[in-house]
Amino acid sequence: MFGKLTWDAIPWSHPIPLFAGFGAFGMVGAVVLFLIFKGYAPYLWREWITSCDHKRIGVMYVFLACVMILRGLTDAIMMRSQLAVAYNAPGYLPPDHYDQIFSAHGTIMILFMAMPFVIGLMNIVLPLQLGVRDVAFPTLNSVSFWLTATGALLINLSLLIGEFAKTGWLPYPPLSELTYSPGVGVDYYLWSVQIAGVGTLLTGVNFVTTILKLRAPGMTLMRMPMFAWTALVSVLLIVCVFPIFTATLAMLTLDRYLGFHFFTNEAGGNMMMFMNLVWAWGHPEVYILVMPAYGIFSEVVQTFSGKPLFGYRSMVIAAMAIGVLALLVWLHHFFTMGAGGDVNGFFGITTMIIAVPTGVKMFNWLFTMYRGRIVFRTPMMWSLAFLVTFTIGGMTGVMLAVPPADFMVHNSLFLVAHFHNVIIPGVVFGAFAGYTYWFPKAFGFCLDEKWGKAAFWCWLIGFYLAFMPLYVMGLMGATRRLQHYDVAEWYPWMLVAELGIILVWIGIACQIRQLVVSFRHQQELRDVTGDPWNGRSLEWSTTSPPPAFNFAVLPRVESRDTYWIAKQRAIETHSLGPEPAYKDIELPRNSPTGFVCAFFATFLGFAMIWHIWWLAALSFIGAFVTFVAFAWRDRDEYRIPAPEVARIDRANRSARLAALAHLGAAA
Amino acid sequence: MSITETDFAFAGGAVADVPVAVHAERSVASRRIVAAFGFWIFLLSDVVMFSAFFATYVVLVDMTAGGPSGKDVFNLYTVALETACLLVSSFSCGMASLGARARSNFMYYGGMIATFLLGAAFMLLEIRDFAGTVAQGAGPSRSAFLSAYFALVGCHGVHVTMGLLFLLTMIAQVYAKGYRADILRRLLCFALFWHTLDIIWVGIFTVVYLLGVAP
Amino acid sequence: MSDSETGVHLYDGDIAPGDERADGTEIVEGIRGYLVGFGLSVLATVVAFFLSGTSLVWQPSIPAALIVLAIAQMGVHIVFFLHITTRPDSINNVMALVFGVFIVFVLIVGSVWIMTHLNHNMIPMERIMQMQR
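Residue numbers (numbering that gives the first Met the number 0), protein chains in the order written: chain A, 0 to 666; chain B, 0 to 214; chain C, 0 to 132.
Calculated directly from the structure, the hints in this document are not laboratory data.
Careful: at least some of the hints might be erroneous.
To be verified - Lysine-lysine pairs mimicking DSBU-like chemistry, simulated, CA-CA at most 35 Å apart: (1) Lys360/A x Lys449/A; (2) Lys54/A x Lys449/A; (3) Lys54/A x Lys176/B; (4) Lys306/A x Lys449/A; (5) Lys176/B x Lys582/A; (6) Lys306/A x Lys54/A.
Throw the hints in and build the complete structure from the sequences for me.
This is the structure in structure tokens:
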């Protein structure tokens, strides 16, 4: 009746996951009950859960990422603490727990923290930067978000009911096959990642279509802001490679559920094919994450240097080159698997070549800053830290790209240090910079600068303390994923790393404090005009937050940095352009499709994990019926009448006129 | 980067009285183009997924673990019939598309029903073929080759089945709501889907079946 | 974005993938297109099936011939059924297709190249399992 599910699935005899699981779900449950009893449920349902507005969906994505970073960093501090005490000692985490923790850490950080963060920022910003009202497929956007949330829910459920995979964040066979992982752990991984992967693929389709087909009148591709270009490369990569991941995980699922022999030891299976396919996805995946971050840095560096981006054309070419090259390097993740000199040499060279367009971008950022007037606000500080720290990580990457060198340090702590040294300054600092930069646009008030700087310094110093020792230990021979060790030379470095992660947690505490303080002081921090940073691109021409329709009238775009040019003209002439002819605006209606689909997907995933076949079948049918019901609706838009549009826009115009007058008075 | 006074629009600026040149200017695409292009991108991603299964098949094609190989298991006569069904169904799908464009109920319903029957025939042939192969001890759990074969061809079959459900839904939608713009958009997407499945089948019958039995 | 979005002239320089430029009066033309595509596909299919079973052709050339016929038939489908052509209004659709084909090529050729080398260098699985025991 309930498949493999029994009461023993709850880890009664393991205090850590037991308390963590009950604690986490207890907290979530308490928050949900609080919201319901305080009467917020109808508002949340109407304005957020069923919303198909890209700005709302983006905020929800970023919120999910922020929640999941807490889980990912908890895993991190647990690992570092274990290693800080497990010198010639067993430590406090038994090996099979430790294995689940490092697997969950990687899976959550990459797929449920970094991806949602980056996708969330793209959601909030891109349609505004492109001068349009929404993405190409707004309801699909909602479905994407809720499917990602389903994946996150399932992976966290494994804490309380059952177990997680012990294979690492990529479930290499034969360890991940049924013979060697008979429990539900790998199944939790497979279903949560597969479901979230569908959501991500749909996001890719959505954004490729949006960027290529929905831009304001006159906005050719070469007039788009840099963030839009890097977002385009990122979502093109999503469309190209996520299907490979889907197929590979499906093959592993078939092996585990139906006794297929893709990657088994017996009957001719070839587990090396898994590594090959999964890294054909896995390497482009990290570029999917970092490209939007590069775009964020381009936007931030321009704005806070007061200069247009240096070398726009070469930045575009570099972005496209990185995108194409990203598809041609994947073997460098398994140089040691024995493909031989020819193959290793080819992929080693392509890997090293990728450093070139990346270097072009670096120099363009530096030249953008040169002779600019740098404003040291938090987003700019994240960017400066990125420029230095990412370069170090990139250099170790070029070291690793040399196959003979990689043979010495493959799967050592050196590797762990390298990839954190590129992902954290690249993606995480980029996400934090974007978060601070666009927070006022999304919410109408800025984040507190003091706490932002405190968080920045804690994160930066914490990062260096946590990861530089790993380079040293890696060169001393320390392997990754060790649960205990007995080498005296490593011990002091492990302690330094522990200090680092504690500092990072203090940084997180500063960020939480920053949110609370900013919310409390929102009137003082309010963004009145919609352009708090003196920005260059179109999103700063709207109010903060923008109205549902983004622009009263779609802007006509005649050049790059459209908004900046118009702003300069307005400052010179002390006036805005003439008032537009306001017309009715039609916007996509809200839809519960996304939430309902995810509801069924959650039960489908859970049922498949625990082999509750009748529930799986029912859930699948439910999801299909939802899909058809959505396709059957007659009215998919609602209308905002012209007078309402006019009212909202006139408020924006008068705020901007006031700012102009203020400028005039100062001048 | 010149701008003209009247042409400027931002944060409440005016869209100018549109001069003729604007018609050639890059702008927002129509919903039909947006829907079809998006679906086309999705289909290309689906093709990439199939290519992962193709790659796996090619890598594992010789790993028969002492069991049956393609020659022992493939029935070219059935494959020829299946190919004929799909190819003719592509044609009838084209007729249905033309029928929708011309608002001809005969062409549309006739084409769609013919497509459905041919697609269903394809599925029946394939399921029977699979059942027979499994019955002779050559199921997917026998060897890596058979796993790869069943997964690749089975994945195509699953897509065809979903296409049939899509098809039935489109028949029902036109019946219930007529040739409305949004339904025509979906029909365009269905046609893209159905034709792409036939393209993938060309790859399958060539690489899997014909090359599989070649000496 | 509504079709009735007022004040914005919708860009009609591109065609939707799968669409033909027509105003509904050239149904006969449309049927002709599909018939030609169908005929060419049948031809390619029949030749492929024939080649695979015959001994009249130099055997080593058969795999190459079959691949060429398959690619040709895919091209026929793309042009005649999907209406993806190199006309200016279909260029974006073609570029997407080319990019997709590139990925497929890299994945399949790359995987086969890598796996062949790995397999060549690897101890047979049975021996490894023996070494375990």
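The hints, checked one at a time:
no. : hint                : in the structure
1   : Lys360/A x Lys449/A : 30 Å, holds
2   : Lys54/A x Lys449/A  : 27 Å, holds
3   : Lys54/A x Lys176/B  : 33 Å, holds
4   : Lys306/A x Lys449/A : 25 Å, holds
5   : Lys176/B x Lys582/A : 29 Å, holds
6   : Lys306/A x Lys54/A  : 28 Å, holds
Going through the hint list in order, the structure satisfies each hint without exception.
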